[in-house]
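Trainee: Each chain is listed here by its residues.
There are 2 protein chains.
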Amino acid sequence: MVPHLITALTGPINELEQRMLESMPAIERWFRLEWMEHTPPFYTSVDLRNAGFKLAPVDTNLYPGGFNNLTAEMIPLAVQAAMAAIEKICPEAKNLLLIPEKHTRNTFYLANVARLMQIFGSAGLNVRLGTLDETITEPTELPLPDGSTLTLEPLVRTKRRLGLKHFDPCTILVNNDLSAGIPPVLENLHEQYLLPPLHAGWAVRRKSQHFSAYEEVAKKFAKLLGMDPWLINPMYAVCEGVNFQEGAGLDALQAQVDAMLNKVRRKYKEYGINEKPFVIVKADNGTYGMGIMTVRDAKELVDLNRRTRNKMSVVKDGQEVTRVIIQEGVPTYERLNDAVAEPVVYMIDRYVVGGFYRVHAERGIDENLNAPGSSFVPLAFAEPAHLPRPGVKPGVSAPNRFYMYGVIARLAMLAAAYELEATDPNAEVYA
Amino acid sequence: MVPHLITALTGPINELEQRMLESMPAIERWFRLEWMEHTPPFYTSVDLRNAGFKLAPVDTNLYPGGFNNLTAEMIPLAVQAAMAAIEKICPEAKNLLLIPEKHTRNTFYLANVARLMQIFGSAGLNVRLGTLDETITEPTELPLPDGSTLTLEPLVRTKRRLGLKHFDPCTILVNNDLSAGIPPVLENLHEQYLLPPLHAGWAVRRKSQHFSAYEEVAKKFAKLLGMDPWLINPMYAVCEGVNFQEGAGLDALQAQVDAMLNKVRRKYKEYGINEKPFVIVKADNGTYGMGIMTVRDAKELVDLNRRTRNKMSVVKDGQEVTRVIIQEGVPTYERLNDAVAEPVVYMIDRYVVGGFYRVHAERGIDENLNAPGSSFVPLAFAEPAHLPRPGVKPGVSAPNRFYMYGVIARLAMLAAAYELEATDPNAEVYA
Numbered sequence: 104m105v106p107h108l109i110t111a112l113t114g115p116i117n118e119l120e121q122r123m124l125e126s127m128p129a130i131e132r133w134f135r136l137e138w139m140e141h142t143p144p145f146y147t148s149v150d151l152r153n154a155g156f157k158l159a160p161v162d163t164n165l166y167p168g169g170f171n172n173l174t175a176e177m178i179p180l181a182v183q184a185a186m187a188a189i190e191k192i193c194p195e196a197k198n199l200l201l202i203p204e205k206h207t208r209n210t211f212y213l214a215n216v217a218r219l220m221q222i223f224g225s226a227g228l229n230v231r232l233g234t235l236d237e238t239i240t241e242p243t244e245l246p247l248p249d250g251s252t253l254t255l256e257p258l259v260r261t262k263r264r265l266g267l268k269h270f271d272p273c274t275i276l277v278n279n280d281l282s283a284g285i286p287p288v289l290e291n292l293h294e295q296y297l298l299p300p301l302h303a304g305w306a307v308r309r310k311s312q313h314f315s316a317y318e319e320v321a322k323k324f325a326k327l328l329g330m331d332p333w334l335i336n337p338m339y340a341v342c343e344g345v346n347f348q349e350g351a352g353l354d355a356l357q358a359q360v361d362a363m364l365n366k367v368r369r370k371y372k373e374y375g376i377n378e379k380p381f382v383i384v385k386a387d388n389g390t391y392g393m394g395i396m397t398v399r400d401a402k403e404l405v406d407l408n409r410r411t412r413n414k415m416s417v418v419k420d421g422q423e424v425t426r427v428i429i430q431e432g433v434p435t436y437e438r439l440n441d442a443v444a445e446p447v448v449y450m451i452d453r454y455v456v457g458g459f460y461r462v463h464a465e466r467g468i469d470e471n472l473n474a475p476g477s478s479f480v481p482l483a484f485a486e487p488a489h490l491p492r493p494g495v496k497p498g499v500s501a502p503n504r505f506y507m508y509g510v511i512a513r514l515a516m517l518a519a520a521y522e523l524e525a526t527d528p529n530a531e532v533y534a
Numbered sequence: 104m105v106p107h108l109i110t111a112l113t114g115p116i117n118e119l120e121q122r123m124l125e126s127m128p129a130i131e132r133w134f135r136l137e138w139m140e141h142t143p144p145f146y147t148s149v150d151l152r153n154a155g156f157k158l159a160p161v162d163t164n165l166y167p168g169g170f171n172n173l174t175a176e177m178i179p180l181a182v183q184a185a186m187a188a189i190e191k192i193c194p195e196a197k198n199l200l201l202i203p204e205k206h207t208r209n210t211f212y213l214a215n216v217a218r219l220m221q222i223f224g225s226a227g228l229n230v231r232l233g234t235l236d237e238t239i240t241e242p243t244e245l246p247l248p249d250g251s252t253l254t255l256e257p258l259v260r261t262k263r264r265l266g267l268k269h270f271d272p273c274t275i276l277v278n279n280d281l282s283a284g285i286p287p288v289l290e291n292l293h294e295q296y297l298l299p300p301l302h303a304g305w306a307v308r309r310k311s312q313h314f315s316a317y318e319e320v321a322k323k324f325a326k327l328l329g330m331d332p333w334l335i336n337p338m339y340a341v342c343e344g345v346n347f348q349e350g351a352g353l354d355a356l357q358a359q360v361d362a363m364l365n366k367v368r369r370k371y372k373e374y375g376i377n378e379k380p381f382v383i384v385k386a387d388n389g390t391y392g393m394g395i396m397t398v399r400d401a402k403e404l405v406d407l408n409r410r411t412r413n414k415m416s417v418v419k420d421g422q423e424v425t426r427v428i429i430q431e432g433v434p435t436y437e438r439l440n441d442a443v444a445e446p447v448v449y450m451i452d453r454y455v456v457g458g459f460y461r462v463h464a465e466r467g468i469d470e471n472l473n474a475p476g477s478s479f480v481p482l483a484f485a486e487p488a489h490l491p492r493p494g495v496k497p498g499v500s501a502p503n504r505f506y507m508y509g510v511i512a513r514l515a516m517l518a519a520a521y522e523l524e525a526t527d528p529n530a531e532v533y534a
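Protein chains in written order, with the working numbering: chain A, 104 to 534; chain B, 104 to 534.
Calculated from the structure, these hints are not laboratory results. Some hints could be false.
For chains that are exact copies, the list does not tell them apart, and a pair is met inside one copy or across any two.
List of simulated lysine-lysine pairs, DSS-like, C-alpha gap at most 25 Å [unchecked claim]:
1. K323 <-> K268
2. K205 <-> K262
3. K379 <-> K268
4. K326 <-> K268
5. K197 <-> K326
6. K197 <-> K322
7. K323 <-> K197
8. K323 <-> K414
9. K262 <-> K323
10. K205 <-> K414
11. K197 <-> K402
12. K205 <-> K322
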């Protein structure tokens with residue numbers, strides 16, 4: 104069953120959907136050629152916002168959680184993609200060490216870990232869990248809601264290799280976004296495949312780098328389709344030297360917010376969009392929906408209350424915020440019942456394997472939905488999800504909309520590939 | 104919904120299923136390594152027979168029809184596999200020319216062609232149909248049962264390339280098994296990818312070569328799992344110089360049938376199987392379920408009636424039969440309601456993308472089911488089809504049985520890869 108969505112798909116996005124369907128062979132070919140030059144991240148999830156007049160990625164996660172929110176129908180796709188990924192990286196692979204987040208008591212997250220183990224197990228690997236939590240010194244069973252258990256084991260590091268007791272993996276898959284910094288135990292592993300590479304972690308990664316790469320990708324893609332890249336690209340700016348706690352740097356931030364609101368206003372005018380612009384201010388290194396605020400007027404920044412200051416000062420694992428991005432806000436006009444919804448698309452290797460709607464009943468169309476209280480409704484496959492049906496009127500066919508979502512999500516994934524190349528500390532420089 | 108199947112899974116096959124589930128990582132790794140050395144056929148379907156005491160492929164089709172019998176849930180898997188295949192063969196691909204069978208009024212077959220167009224279209228190719236039927240000299244619309252149409256176009260051959268009017272494909276996908284011989288229009292195409300290669304057609308292919316390659320594959324695989332290859336390998340022998348119409352060579356055939364029945368009898372004794380052995384006599388170049396007979400006693404060959412002689416004398420497209428294989432008969436103990444059923448597994452590139460049961464209410468457990476009157480019940484994915492569930496009792500879990508089916512089908516596909524290497528007229532010889 105395709106969830107019953109109320110989407111205000113009018114104007115530009117309907118035209119865009121139409122153009123994407125007509126251009127499908129050109130689009131798929133373009134992706135194939137890009138993947139010849141660039142290596143896709145091992146796995147990726149992308150949050151999208153569909154404003155009806157604009158469709159854009161707002162977050163690209165290289166350590167995706169939430170695989171448990173995919174439906175059973177999507178699992179074979181994930182397994183097939185995992186097989187393709189493994190075959191490419193290390194066909195001789197036998198053992199896969201999976202390193203999850205430390206917050207091990209969150210059963211939703213544990214269900215994600217169990218799902219990842221199922222996917223890579225079904226792809227033909229022995230999968231075991233090693234934890235970065237140094238308080239775990241022997242195999243520890245964690246109960247899952249369905250009555251099964253996961254076993255977390257302490258890592259065993261030798262000079263050259265990382266593994267578990269009696270378990271020597273050729274590949275290490277990290278599902279921990281490394282916000283707390285790069286753990287020494289993961290450093291200097293040159294004999295094993297460490298996926299994603301360490302510089303994909305939030306100890307190194309910056310949202311601004313990602314959106315800079317995305318802008319480049321969006322421009323290329325827009326050229327292919329002969330359209331304004333703004334339709335798929337959220338504008339952004341960077342502001343450094345901000346200290347919300349001490350109130351430092353807020354003048355500069357205010358000026359930049361104002362400038363961005365004006366840029367958005369001009370674009371709205373160009374397209375005849377009757378909306379109130381807003382921007383999202385986010386920590387450049389923030390994840391987990393932390394360190395994010397919606398600003399509808401630059402004046403709001405003059406007198407921030409203590410709660411907002413606290414919220415914006417530190418992100419996951421206590422990282423301080425001094426650099427933020429100011430991103431054009433993309434309202435989401437998708438609704439499920441009365442709740443605001445945004446699509447999240449999951450990919451393994453270069454393949455879209457599924458997705459769901461993140462739904463939040465208590466948030467507005469201009470707010471971050473990745474917050475406590477959100478729920479998940481699978482982008483279920485009444486019709487196979489990413490199979491567009493040419494000839495069906497744009498805007499009315501869920502499969503067609505899903506194809507468009509899959510394209511934009513893959514553009515964000517491609518941007519992540521560009522980003523990881525640009526930030527690779529081991530990149531060879533041909534100068 | 105997994106179809107309700109009555110399977111008499113007792114003894115060896117239950118043990119085999121158990122061993123396969125336990126050995127899944129080793130099996131998948133083994134396949135990965137084999138695919139590093141050998142190129143899988145572009146697409147393949149394999150007919151299996153599950154006798155409870157033995158599970159074996161009985162036919163490997165390199166021009167599979169019946170894609171229309173796959174359920175909607177399986178299509179995304181097929182699309183993803185098609186994407187992987189295209190990417191590997193020709194990432195720059197834009198246009199795909201599909202060449203179907205000539206018997207263009209069979210709407211079941213046309214539905215298969217439409218499904219293939221959907222799959223490769225969704226993988227991002229412009230797909231058009233070119234026909235080998237020379238009576239078609241201009242684009243001709245063929246109606247489909249669902250009200251849509253297919254357009255067959257005449258082929259346009261230049262010195263170096265094959266295409267249609269205003270359509271120059273980089274890849275030509277043949278869905279015609281070439282029983283009638285290799286059409287000159289397909290010869291000497293060196294600039295385009297012609298898939299499968301011409302020597303995969305029944306103008307060249309021989310069942311005996313395939314089963315010889317399968318025997319080799321089965322022995323390797325059996326060694327990996329530490330089991331008797333007979334559990335997955337149907338024994339066979341070849342008999343030449345047979346002319347059913349004139350009664351020539353039948354003495355020799357009778358002797359070989361008798362020898363094969365004795366071999367099977369000994370195996371049954373070894374395993375304590377209380378069954379009456381039978382053999383299948385098939386034209387070495389036969390397809391489409393033509394030129395096949397079941398023999399329970401060599402004496403049956405002494406006095407063949409006219410109908411059987413006619414049936415065994417010519418196969419598809421009027422090819423004469425002079426060479427047959429005598430294959431150990433594998434009874435099928437799977438039933439759907441009261442009808443005898445056999446699984447058919449579909450693969451694109453190296454991936455299992457779906458399958459169904461071929462069901463025939465009027466045939467026996469020791470007869471060929473690929474005959475008029477058969478119907479198709481999808482191996483539907485209540486649980487994702489090829490995802491085994493370790494820990495579930497063998498023989499009772501459909502997903503586990505499907506995993507085993509997928510393994511055996513992939514062994515047959517691998518055998519086809521060996522076979523095509525051995526018969527490649529352009530193979531480089533390192534001597």
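Trainee: Now tell me, hint by hint, if it's right for this structure.
Mentor: Hint check:
Taking the shortest Cα distances, K323 and K268 never come within 25 Å of each other, neither inside one copy (48 Å) nor across copies (32 Å). In the homo-oligomer, the alpha carbons of K205 and K262 lie at most 25 Å apart inside one protomer (24 Å), although the nearest pairing across protomers, at 65 Å, exceeds that limit. For the identical chains of this complex, K379 and K268 are neighbours neither inside a copy (58 Å) nor across copies (53 Å), given an alpha-carbon limit of 25 Å. Taking the shortest Cα distances, K326 and K268 never come within 25 Å of each other, neither inside one copy (53 Å) nor across copies (29 Å).
Taking CA atoms no more than 25 Å apart as the test, K197 paired with K326 passes between copies only; the shortest distance there is 18 Å, against 43 Å inside one copy. Taking the shortest alpha-carbon separations for K197 and K322, only the inter-copy value of 22 Å comes in at or below 25 Å, while the best intra-copy value is 41 Å. For the homomeric pair K323 and K197, the shortest alpha-carbon distance between copies (19 Å) is at most 25 Å, but the shortest distance inside one copy (39 Å) is not. Proximity of K323 and K414 under a CA criterion of 25 Å is satisfied in neither setting, with 36 Å inside one chain copy and 61 Å between copies.
Taking the closest pair of Cα atoms, K262 and K323 never come within 25 Å of each other, the shortest separation being 44 Å inside a single copy and 37 Å across copies. In this assembly of identical chains, the alpha carbons of K205 and K414 lie at most 25 Å apart only when taken from the same copy (22 Å versus 69 Å across copies). For the homomeric pair K197 and K402, neither the shortest alpha-carbon distance inside one copy (58 Å) nor that between copies (53 Å) is at most 25 Å. Within a single copy, K205 and K322 get their C-alpha atoms no closer than 38 Å, and across copies no closer than 46 Å, so neither meets the 25 Å cut-off.
Hints 1, 3, 4, 8, 9, 11 and 12, counting from the list given before, are not met by this structure.
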